Amino acid sequence: MSAVKDPNLNDKNWTVKVRNRAVGALPPDKLLPDGVPAYVSSWIYVFGVLTLAALVVIIGSGTILALKGPGWWHFTGIGHFFNSIHLWSVELFFFVMVVHLWGKYWMAAWRGGRAGTWITGAVTFLVAVPCALTGYVSQQNFDAQWISTQAKDAMNSIGIGSFFNLTNFGQMYSWHIYLLPMAVVGLVGAHVLLVRKHGVVPPFELPSARAADAAGDGGDVVHNEAPLPEAGASATTTEGAPS
Amino acid sequence: MSRESRKLARKRENDYARNWKGPYRSYDLIKEATIAIGVMVGLAVVLTILFSSPDDKPSTVQQWARSTPADFVTTAVTELDGSSGTGGYGPPYNHNADGQHIAFLYPQKWLGVSHPIDTAADYVINPLREINGEPVTQAAVSAYLAAPAKLQTAWTDAYTKALANATPTAGGSALTVKPGNYGPVPIMMNSLLQYAQGGGLDGALVNSTQFYQTDYTKPLLFMADGGVLSDRAQTQHLLGEQWGMMNETGSFPGQTWLWLYTFWYQIKPFSTSDNADILVMAVMGVLSLAFILIPLIPGIRDIPRRIPLYKLIWRDYYRGLADPPKAGA
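Here the protein sequences come in this chain order: L and H. Take the first sequence: its letters are residues 1 to 243, numbered as in my numbering. Take the second sequence: its letters are residues 1001 to 1329, numbered as in my numbering.
Keep in mind that the hints were calculated from the coordinates and are not lab data. Errors might be hidden in some of the hints.
What the hints assert, rightly or not - On the chain L side, residues computed to face chain H include the following (Cβ under 10 Å):
| id | residue |
| --- | --- |
| 1 | 20 |
| 2 | 37 |
| 3 | 46 |
| 4 | 143 |
| 5 | 198 |
As the list claims (entries may be wrong) - Below 20 Å or equal to it, Euclidean Cα-Cα: the simulated PhoX-like pairs (lysine-lysine) are:
| id | chain 1 | residue 1 | chain 2 | residue 2 |
| --- | --- | --- | --- | --- |
| 6 | H | 1021 | L | 30 |
| 7 | H | 1150 | L | 30 |
| 8 | L | 197 | H | 1178 |
As the list claims (entries may be wrong) - Pair by pair, the computed Cβ-Cβ distance ranges are:
| id | chain 1 | residue 1 | chain 2 | residue 2 | range |
| --- | --- | --- | --- | --- | --- |
| 9 | H | 1052 | L | 207 | 49 to 57 Å |
| 10 | H | 1028 | L | 59 | 18 to 26 Å |
| 11 | L | 182 | H | 1146 | 52 to 60 Å |
| 12 | H | 1103 | L | 12 | 47 to 55 Å |
| 13 | L | 71 | H | 1158 | 40 to 48 Å |
| 14 | H | 1237 | L | 69 | 28 to 36 Å |
| 15 | H | 1007 | L | 98 | 31 to 39 Å |
| 16 | L | 76 | H | 1263 | 35 to 43 Å |
| 17 | H | 1138 | L | 98 | 58 to 66 Å |
| 18 | H | 1161 | L | 63 | 53 to 61 Å |
| 19 | H | 1005 | L | 29 | 37 to 45 Å |
| 20 | L | 22 | H | 1242 | 29 to 37 Å |
| 21 | L | 102 | H | 1098 | 36 to 44 Å |
| 22 | L | 102 | H | 1097 | 15 to 23 Å |
Values in this document were obtained by computation on a predicted structure and should not be read as measured data. Beta carbons: idealized from backbone N, C-alpha and C, even for Gly.
Looking at chain H on its own, in the form it has when it is part of the complex:
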């Protein structure tokens, strides 16, 4: 078929579909809408009675510090030396990386730092400075801050290695490591651990300078740098490689409409790329645009005509064409 004849065929198809001049049947829009609302209310109530909804209590920094003190302290040390996930994240939290990109497109970098987080100051130094009545802790913080950066790194590196074999003291309020050159870091970390176990760090990390607050970015990123959330998520089959983005706790359907978005994370090159998120968002952006513009995309818009499921949908209509009712019948 030539281009011109395809164009004519499409024009004919559109003209044919533009206005209906055939018979109508009686219909009560308001009644149908009312019945539909009743059906949906009924279905939602039945599903609610049968399945309820999930509500697993949130994790807290206090629970984390009490249940897995070694993981808490190991994470806190990475915040102190800037090697944590948040520490090296880049925008919108800090300038320590450029963030993800596609070719020459760096939107993460271009939009800049909107939620500044200095992991050492925000997660360790500042909370420790808020602890009153502990001169040893304050002296340790001062000593750490006064040390050259190279020495600070040497202390935190050595302490991080030692934490692999750390043992909690009775009650778990401190960690014991083999003797080594860790500077003031063990004192700082054990103080931070006790502060967190007492619940003080949960409040200290809330990102606000005023009485009212609603931003939990800092405590959430801190917990996400450790294992407190991911350990729970793994037991609930919520990790990324477990299609976690679309699932929720328990056996609930979750956000099944995100299946295609989550699918890309399961396959290469996305599953192994450092730029997976922006790549997946780009793919989904293109697919979403195509979805919106289906009426304008040759080929895709023609499939319904070529695979005639419409004959099933309008089977009564076509039956009427083949066998028109006789006059007076």
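Bound-form chain L, shown alone:
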């Protein structure tokens, strides 16, 4: 689908330019597809959407904890319950994200102009680490005391202790509930849009196909037009998220 251009609007209209560019890059059927390439047929594809789902649970439980304040979970059962949900959703988030990353590595998912997708995913993992760390030091318990006094030396050694002081609860709480989550959500958003724009990386071309092509009987390079079951006919066994 291409962007509709209104002839009555000036080409210099910034809003029109941005809209045309956005719709051109990600038309609605690409942004919210109802089909995936037939090769998307493995449990490994599920871990991308599970990472997103865990992030939703983290943000939901974190929002409840933030609404009630940082001390609430220490003295109420329901508060402790939501803190536990928050903790375990973080553990699940990292677990499924690491599996997702390994899966994408072994697919060499950066092929075909998808380096940006890999990079945004990798940076998301790296930003999620201090996001979790600031949560641990914001707990207001012995874990927070111990982790903050141990980890401060690494931050101080590279000179960032002035604005990332792990022993300053107020500062860490701000990083944890606002600054770093904003970064994670922004990166995840960019990552998902890149996945939607470029699609899920196709399988490797088999060496035998390359050799046949080199010998002159392989036709052109687009071997991925090979016959596969039509939509719904299903050599596929598992639905998976194209992420």
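Let chain L serve as the given structure and place chain H on it in line with the hints.
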């Protein structure tokens, strides 16, 4: 393979992967995302019901002074003479050292002192000055401050040695040491001990000049200079040599994603270096950059092609290539 042919092969690989022109199958993105959220909520609830989450109460200066008064006073003396960990730390707390460095890189020093801590004043002198109705204590503080630095050091050195054999009085509100030339230091320390045992020092150490405060840097560094935190950490297997950075109290998984960061602290030269933290951060910085830039790094980006786990991932696709469905089947 020549450089040119490798370049051509990579171009072919990228062209091949750029656009999929084969068949699609039906897929419901919103439905799958909804199911995934349901699964994650379910898993988190089950794990919560089974394991809950740790919440060991924090240590306080008051508890420390009551439970191990000798350790509290010994630490306070090191704060008074500046020989504590914080006293000789350097930036961002003071100028008493340059901090860690790699070769000519001194980022800790370059970024300067952002959280100034004068250990003698902040941990001992100023809190003692806040105690009202104790003229003996105030006279002892004045006498200490009026003494030459050399004499102050002689008093604190002698008192530190004597503390090794100190015995608490009944109730533990003071320490008794063998007679010696300690100047006013024992009076100051016993007053500070009683102030801490009463809970006053916890409030006095909070780093703020206004009513609201959220910065616990001073009390945390004070407790970290003593044994109150590390003793608890050791029993919970949280010390640095016990991979403590990634663990948490109890049998919870903790920050397992920090395993590589924590790993470096377990091996030489990091485990024995005075610059371990900046060295580990540098190594992790390089590794993180490499992780981000894998698509651009020859060799590492080629491993997935050479170790063909992809044949397992896309086994249905390759099976379809080998055995295409017959027309009308």
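We went through each hint and held it up to the structure:
no.	hint	result
1	20	violated (22 Å)
2	37	holds (5 Å)
3	46	holds (7 Å)
4	143	holds (5 Å)
5	198	holds (8 Å)
6	H/1021 / L/30	holds (15 Å)
7	H/1150 / L/30	violated (77 Å)
8	L/197 / H/1178	violated (79 Å)
9	H/1052 / L/207: 49 to 57 Å	holds (52 Å)
10	H/1028 / L/59: 18 to 26 Å	holds (23 Å)
11	L/182 / H/1146: 52 to 60 Å	holds (54 Å)
12	H/1103 / L/12: 47 to 55 Å	holds (53 Å)
13	L/71 / H/1158: 40 to 48 Å	holds (45 Å)
14	H/1237 / L/69: 28 to 36 Å	holds (31 Å)
15	H/1007 / L/98: 31 to 39 Å	holds (33 Å)
16	L/76 / H/1263: 35 to 43 Å	holds (38 Å)
17	H/1138 / L/98: 58 to 66 Å	holds (59 Å)
18	H/1161 / L/63: 53 to 61 Å	holds (56 Å)
19	H/1005 / L/29: 37 to 45 Å	holds (39 Å)
20	L/22 / H/1242: 29 to 37 Å	violated (52 Å)
21	L/102 / H/1098: 36 to 44 Å	holds (41 Å)
22	L/102 / H/1097: 15 to 23 Å	violated (42 Å)
Hints 1, 7, 8, 20 and 22, counting from the list given before, are not met by this structure.
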